[in-house]
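Protein chains: 2
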Amino acid sequence: MQRAAIGVDLGGTNLRFGLVREDEKIISRRRTGTMAAEGVEIVLERLTSGIQTLAMKAESTGLEVAGIGIGVPGIISVRDGIVRLSPNLPGWQDVPLRSRLSESFQYPVYVENDANAYALGEYWFGAGKGAKSMVCITLGTGVGGGIILDGHVWRGADGMAGEVGHITVNPDGPLCPCGNRGCLERYSSATAVMEMAAQAASGSGKTALKTLLKSGLLTPEAIANAAKKGDREAVRIYSEAGKYLGIAVADLIDLLNMECIVIGGGMSGAWELIIGPLKEEVQARAFKIPAGRCRILRGRLKDDAGILGAAGLALKTNP
Amino acid sequence: MQRAAIGVDLGGTNLRFGLVREDEKIISRRRTGTMAAEGVEIVLERLTSGIQTLAMKAESTGLEVAGIGIGVPGIISVRDGIVRLSPNLPGWQDVPLRSRLSESFQYPVYVENDANAYALGEYWFGAGKGAKSMVCITLGTGVGGGIILDGHVWRGADGMAGEVGHITVNPDGPLCPCGNRGCLERYSSATAVMEMAAQAASGSGKTALKTLLKSGLLTPEAIANAAKKGDREAVRIYSEAGKYLGIAVADLIDLLNMECIVIGGGMSGAWELIIGPLKEEVQARAFKIPAGRCRILRGRLKDDAGILGAAGLALKTNP
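Chains as they are written, first to last, in my numbering: chain A, 264 to 582; chain B, 264 to 582.
No wet-lab data here; the hints were simulated from the structure.
Treat the hints with caution; some may be incorrect.
To be verified - Cut-off 16 angstroms, straight-line C-alpha distance, at most; resulting in silico cross-link-like pairs (EDC-like, lysine to aspartate or glutamate): (1) A:K551 - B:D421; (2) A:K506 - B:D435; (3) B:K395 - A:D421.
Please take these sequences and the hints and turn them into a complete structure.
See the structure below:
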């Protein structure tokens, strides 16, 4: 009987499920709203129902379910499967997610921080396949990170390690909601790119960003398209994003000397715009040997990374 | 029979040996010049002779020698005991240190990077005792580092991890010999403090540093003493050193969420001058939970950290 696992990406907005076969194929998917504002019990119901659907699918397809893996934003106590705190999920404080799900399912349940699940997805099944040590950086609304050393996620003493987005890349830079100044997230997230674009659009220079802003069409994708068409302000904005990302990547290389760094998340769609400035900084700043060692790769799994990593927790742990 | 190990700190200038008993006492020491400029064979002879002396001491004291540990600056292949490259030791390229010493001694030989040996010393026997995860930062001529995660040194793919001194703390800061700009080492090393002091002394302001410079008495200690007596320029310089160290420490806390950070090396003598500005930055920049978790401690072992860490490799590995 072929094995499979159910991987879940529990986001603040969307709940996404995948039935993942051992050969790394997602053979069935479900997607629904999280309805996080409705509180813990409603989310748990929606979660249980989605898992139930895929478990039945597995049974009807003749697949043995090895377990359920769930990526959750926030602070997770991985060992006991408890969600300690989740800023994106109202009311989720000390929710014993594993034991709650074990009331409905007999399969082993693995709970992991969502950025770590994403990193594990790319590590096991995506761009990082074959590497021993990897840092994954996700460029989305914010900038997230996951550190994998010798096959294990480094979670730290409180399960809070990997906050790559809050490395200080410019000590006197703009204020970050986290309280720090000049965090990487203030330069290389979608939010930061949007802010830089809005600022450029309200300046005196000629730029296509003005039209985009006025017509309400200013998105990271639209800014990237403007850059690809040669708009100087748009190019400069993505260069800034790449440059500061490069400073953080150089720090990581000198600190961790890892085999590869994978850059995922929505913003990695603008890869050609950021990779040049990024590599320039790495070359100028990091030590030659570890910089030469470290492959800098674009994430391959996109939105599936979280589902695959979560499923992998069951597939890889339970042989 | 009580066990002991011989720990060696092989520096560019000094060769220091200690016979370390299992109860963590250094019961005998030797110190000699490395004579690094004389080449590999001369250094090996001096190394062998120093170890021989302590091995005889162990025998005469009725101690069983569990092994020999050696901390060496540079890139070390720990698994096979080979010194790949050492910028401070001319000619040391691919020197099979373990097998060379095994020609003269029957004890197991452990070779480790010197910053890692220092970190292990503080971790096993010093300020970091009892912690699971620790980063050690040494403030000396340069700024070194060692990362210990769950009891193991994280060495990275090329044995080059832990270069805390070359984190970029100011992207447009002064050029570093490593090629980067604004490295931590350019603010918080003895070299940086001396340079900042020389610059202040040649300025127009009133400062005791002028007299120190003229009389050839400008040292990090003298600058620290001037600061303790209230000299504003001297205070400012150490505040800068502490501030930028704080930025790097905040980065490490957000990235690694480790239990403690130990700050050693000669410059840690000015602890009261740097710890305030350092903690201010950490409080302003790092996430609350991991920052609250992380104890920031002054190293306790000073010059003995390297010897103790090296000896610990034999005492802890060989039960």
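Hints versus structure:
no.	hint	in the structure
1	A:K551 - B:D421	11 angstroms, holds
2	A:K506 - B:D435	12 angstroms, holds
3	B:K395 - A:D421	12 angstroms, holds
In terms of the numbered hints stated before, the structure departs from none.
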